[in-house]
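Protein chains: 4
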Amino acid sequence: MATSSDRGLARIEWADGQMPVLRSIRERFAREQPLAGVGVGACLHVTSETAVLVRTLQAGGASVSLCASNPFAIQEDVAVALSAESTVFAGGPDAWADDVASVLTLAPRVTLDDGADLLGALHSARPDLLAGMHGGTEETTTGLLRLRALEAEGALAVPVIAVNEARAERAFNDRFGAGQSVLDGIVRATNLLLAGQTVVVLGYGWTGRGVALRAAGFGASVIVCEVDPLRALEARMEGFAVMPALEAAARGDVFITVTGVPDVLRGEHFYRMKDGAVLANAGQFDVEISLADLRSSASSVREVLPLVERFEFGDRALYLLAGGRVVNLAAAEGHPAAVMDVSFALQALACEALVVGAWAPGVHAVPDAIEREVAALKLAALDVDIDVLTDAQADYLSLTSPPRGR
Amino acid sequence: MATSSDRGLARIEWADGQMPVLRSIRERFAREQPLAGVGVGACLHVTSETAVLVRTLQAGGASVSLCASNPFAIQEDVAVALSAESTVFAGGPDAWADDVASVLTLAPRVTLDDGADLLGALHSARPDLLAGMHGGTEETTTGLLRLRALEAEGALAVPVIAVNEARAERAFNDRFGAGQSVLDGIVRATNLLLAGQTVVVLGYGWTGRGVALRAAGFGASVIVCEVDPLRALEARMEGFAVMPALEAAARGDVFITVTGVPDVLRGEHFYRMKDGAVLANAGQFDVEISLADLRSSASSVREVLPLVERFEFGDRALYLLAGGRVVNLAAAEGHPAAVMDVSFALQALACEALVVGAWAPGVHAVPDAIEREVAALKLAALDVDIDVLTDAQADYLSLTSPPRGR
Amino acid sequence: MATSSDRGLARIEWADGQMPVLRSIRERFAREQPLAGVGVGACLHVTSETAVLVRTLQAGGASVSLCASNPFAIQEDVAVALSAESTVFAGGPDAWADDVASVLTLAPRVTLDDGADLLGALHSARPDLLAGMHGGTEETTTGLLRLRALEAEGALAVPVIAVNEARAERAFNDRFGAGQSVLDGIVRATNLLLAGQTVVVLGYGWTGRGVALRAAGFGASVIVCEVDPLRALEARMEGFAVMPALEAAARGDVFITVTGVPDVLRGEHFYRMKDGAVLANAGQFDVEISLADLRSSASSVREVLPLVERFEFGDRALYLLAGGRVVNLAAAEGHPAAVMDVSFALQALACEALVVGAWAPGVHAVPDAIEREVAALKLAALDVDIDVLTDAQADYLSLTSPPRGR
Amino acid sequence: MATSSDRGLARIEWADGQMPVLRSIRERFAREQPLAGVGVGACLHVTSETAVLVRTLQAGGASVSLCASNPFAIQEDVAVALSAESTVFAGGPDAWADDVASVLTLAPRVTLDDGADLLGALHSARPDLLAGMHGGTEETTTGLLRLRALEAEGALAVPVIAVNEARAERAFNDRFGAGQSVLDGIVRATNLLLAGQTVVVLGYGWTGRGVALRAAGFGASVIVCEVDPLRALEARMEGFAVMPALEAAARGDVFITVTGVPDVLRGEHFYRMKDGAVLANAGQFDVEISLADLRSSASSVREVLPLVERFEFGDRALYLLAGGRVVNLAAAEGHPAAVMDVSFALQALACEALVVGAWAPGVHAVPDAIEREVAALKLAALDVDIDVLTDAQADYLSLTSPPRGR
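Protein chains in written order, with full-length UniProt numbering: chain C, 1 to 406; chain W, 1 to 406; chain S, 1 to 406; chain V, 1 to 406.
Be aware that a few hints might be false.
Pairwise CB distance ranges, derived in the manner of DEER restraints [stated by the list, open to error]: (1) W:27 / C:312: 16 to 26 Å; (2) S:390 / C:30: 19 to 29 Å; (3) C:83 / W:27: 54 to 64 Å.
These aren't lab readings, by the way, just hints derived from the structure by calculation.
Even for Gly, the Cβ is constructed at its ideal location relative to N, Cα and C.
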């Protein structure tokens, strides 16, 4: 029978097969050793994809220590397997603060964060280490909010590269990755047939766009709710019905929140919904669907399937998925490895850039050259060739006043 | 802790909530008792959706005995729960032939078949029972082939309604149901990101259309392979690339067979495929991908994830899902309950029609009135109203030579 | 300066370039002369595409005489050019009945009809000619209604092939041809931006499906209205909103009727429409939008652009396109030549089949072999190769009871 | 019979009906008179939509003088009609330079440019007028290149608002407007059936995206060619085939260039194309398809339809549309009025902002508040309501470190 470590290694190997961009970078790193001798501290989900990133950095000469950015997001068998190759602190919820501290004791010169936990702790608890650092990378909007607040106070002491604002990241992670996995989570939890359903998407940011696009791709009729007029207009121009949430409440069969704000669906919406409506959240935190309102008005609550709770209101029932937690992580497997391949390739190259370049303290965008390199590697992995400009065309583009035709 | 029976009842209740058409028929059956005293033998998948059908027939006055059409397609907890309400013979693979015989000993006057097993056995082993029968229904193409062969020999002794040729069945079961669940199965087994992948769909019958449509809905680039020129042309006119399988072999990332014939993908195709290509079958039987050719030419074979086998050929590897068995059943949950709602509503109404009407022996199409009733009930369940012709419009349509405009 | 005949020849040449299927048939006909010495009478639209059909039949040895099926559907320059090669009677509205009679005086042995005008006149006025005929083809639903009425009375004396019921015809002519050209007509007449508009499609037959699909392809939000529950359900499952016309009336920006019945949009609908709504008809006759109701309730009517009339009702105005006539013919160029290529290829092969085969009187479907030949030629024209079954696969398909897998 | 002026007024009225955003701004301008006494010089296409803009500015108190930004883009009847209300200099190609100079003699204090002609002439010929100016707006990429070159030299003396870089402009003008009208132009010129065709889109900027999306919406199979890896990757992830132009050359039926660089299609591409391939340009200038290469290698060239030239090469022929000029202007009617409504609403509000605000010299982005106002007005015109944040939600968004869920 396979041991936990064997199963972890198998998962890592499968993920590796889905991450050709990172593999290609790993091969170059192995030759060039750009991270030779650099200590890297990473606070990320402990998953098979992260393991492939860790191996990539180590191939480039780094010594990596890893703790969990979310103590509930640890694949145990992967943690066991990876421990044989790297320094892993993944003790689970009770050990979380200690695990973060343990990474810091190794005095990393580069940090990879998913919520600014390492950089936050360095600034508050170990400012002595900051001077020796090359810098850090950050993967989340929330983390960037914290780091920019530090920067605004003049307190941010190191350069940080905002990986999650890269254009490639936006497209892959939010639009394609979340678009697929959010609907996957809903289907796995419920086995609903989406064709013929009315799916209401609340929020038309990048993730909302991905969700709306895929829902239409399943044959659903899609309604979009937004507060920003430009986004609302784009949704409408792309063929979706757009209306206020209160009006959509009476029409929807499935509701998906992805706004970043709390209580997007609340009592007044539940009150109008049809019997059998399904509620799912695709936003990062479990605040978008008001559990308080659901509980206070329901006459009974019970689990009818794993991850599906039934809230009864008189002769109607609403079904809440995954307790309102982000449904693609809770009910499916989060982003496909191909999506993390792009994110983590940006991370690896950002890490290299911090080490080999000179950066001022502050939050920096991912350099365009890195975006282009990742895109080019991904195209190569997809066996897609593209054109290059001829010299004459490049010259033409450099003209400030090109001829207006013949 | 929940018992097996409790879990089975919970699954049946959830399915019931997804099957409003059958529920509506059940309510009418309960009032009208059209099947009062009629013995019904059913040989179907033993699932929560089938349980809802059984309850519907029993509400109409029937006494139902059930065995499994596929001894591997038994939800054990549902079988346990349903045993308390009906006669269930679901002993698994070793008991399969006995289970079919057990149903026959109850001398059913109507049969519901999913492969002509009950009707086949009645004709071969219990012809004495045929004279007393109202008739049967059949759910599969394969079953109909067998029954029509009997009919061609003049040996078919009872009327049979070809449920799976109903227009509603074609649309729901094949196009929408299989379209969604086949891709669901592939994503669950692999967590692949389908956007950006080239998906090759072999076979453009109803199921193939559904699969191609949904693959495009996931952002995949779709190639269709067909042998029928009309179907191939339709695929092309609908915007898909169409080419021979040998040419597609070199381009695809994911291959899905759904042709009904054996060895659609074989050595010559495997030989041309890219490293990492994924092979899945959506046809009824596990013959479409040549396992013999895969095994004979691979240098090594091993399972890398549950339901994912890796076949190594020199420096390339191909991944076979679910051993080539139908991927939506093997790796996902088969058709959503909403799909079975339509199929089983047709079954229930066909069963009623056999009992209350006079039918000649032979294979019959589902009467148009039944198709319309099911569609109308489904629309009602979706809260969709439609128009009716005015009297003047109906009169106009009845003219053989209407005025050609003003 | 180009003469009318020159312009006609140029149009015919352009059409010929777009009709590779007919060209391929013409080359075979020229070699094989299947129509040698056969008189063919055709009553069709007099267009460049029809000219290509006439040339094809003549290449096969036929002598063709042509009159106009619709006296308003004559491309004058084409009529002039074609007169030099064939017998053309295209005198326009006042000469229409005489033109039909002129074709009959030539005693055609095969007729090609687009509304049963030639066959109707033969049965009523020249029954003496029927005995010598091979038969006829019919291109319209209306014509088939008339011919089937004759058949029901036992009066239909010749075989007729129902070209417009061919599967290839349905797909091309109605779904792809009309789908594109109806929206083309609306855009040409109005220069409306369809993205962001709500387009209401009344009728979800083949043409309605094409129109709905293309409207969605333009980025419109589409509502479908239907009276048939199965069609309504399909529309809904394909992701469209479905509702009664009265409810849609208040939501639509553009209304397209394609039902085949009169007064689909009438006073009660106009009453609810938004200011600026646009009304177009894609059905064969100009009866679907009630002009009587528009006129009787409008306070003023005037043409604001060619083919656009403004009907004012208090503070709202509705815009009627092309006086309610079929908008793809009136405001655009009808079906693209590539569509007519398929229709006319079916015509040419049906004509050959009538001449070389033995047919009983009555309405007949297009033989499957002809459908397949046309599809195969069209695929060849598109440079698309397809697979063929292996012998083993063909054998498998011929089994009545194939093995159920391994 | 209608006079030219009558026809012009009818066109302006129709456009006005399609431009509700501008109408709404005009109503406010009429009340508030924000441009009272301000001379505005406009160098734009002289069309019915521009006339609606001119009326809007005049309603706000401005006196407007207009010349043509492209001497070939003048709707004569509109010019005649507008002359009765405004100062119009539209003498055509020979008078173009004089017309621009005539506008300058009126010493405009705000300029509206479509290629930087007025601002260019002011800087080079009438620098004396610059000091008195509020500033200008610019509608084209080319114009901005010129103005930014001036700015880089320190020579730009006035503020300029870059209207065509507004997010609303990008979406409407390029994606939705050009997407529809480019394909409309191709269909009008050729009456091609796009379903089943392979359409090659060269360039995947905003316009290329719109063209690719709409081509797929017509049922075409779409190939994208790009030089930028990120754009190429997005095209691929959105489901399009991506390959080098040389490879696409052998596969395409229709080629559409929209890259901004010259000679994108040239001899080596023509050499590989299929017989009958159609070439169209959707880029601003007629340089993207190499006419030189077409002419030098063709054995014969002739016009076969208006706007369609046939270039013969041995046994193949290629068809060039509109001589390689931008096909939506040359063969259709350019952007729909609904598109210009958004562009010109941005222009009108930018003009107001320049007059009422204080701006430094230099090129400025359209203020976000203007974008939001235009979007909100457009939504209102579409009868679309949207949500607003609750106070609690707005507070939550302002937190730098929001609670991470419950």
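Next on the checklist: Flag every earlier hint the structure violates by its number, smallest first.
Outcome noted: As far as the earlier hints go, only 2 is violated by this structure.
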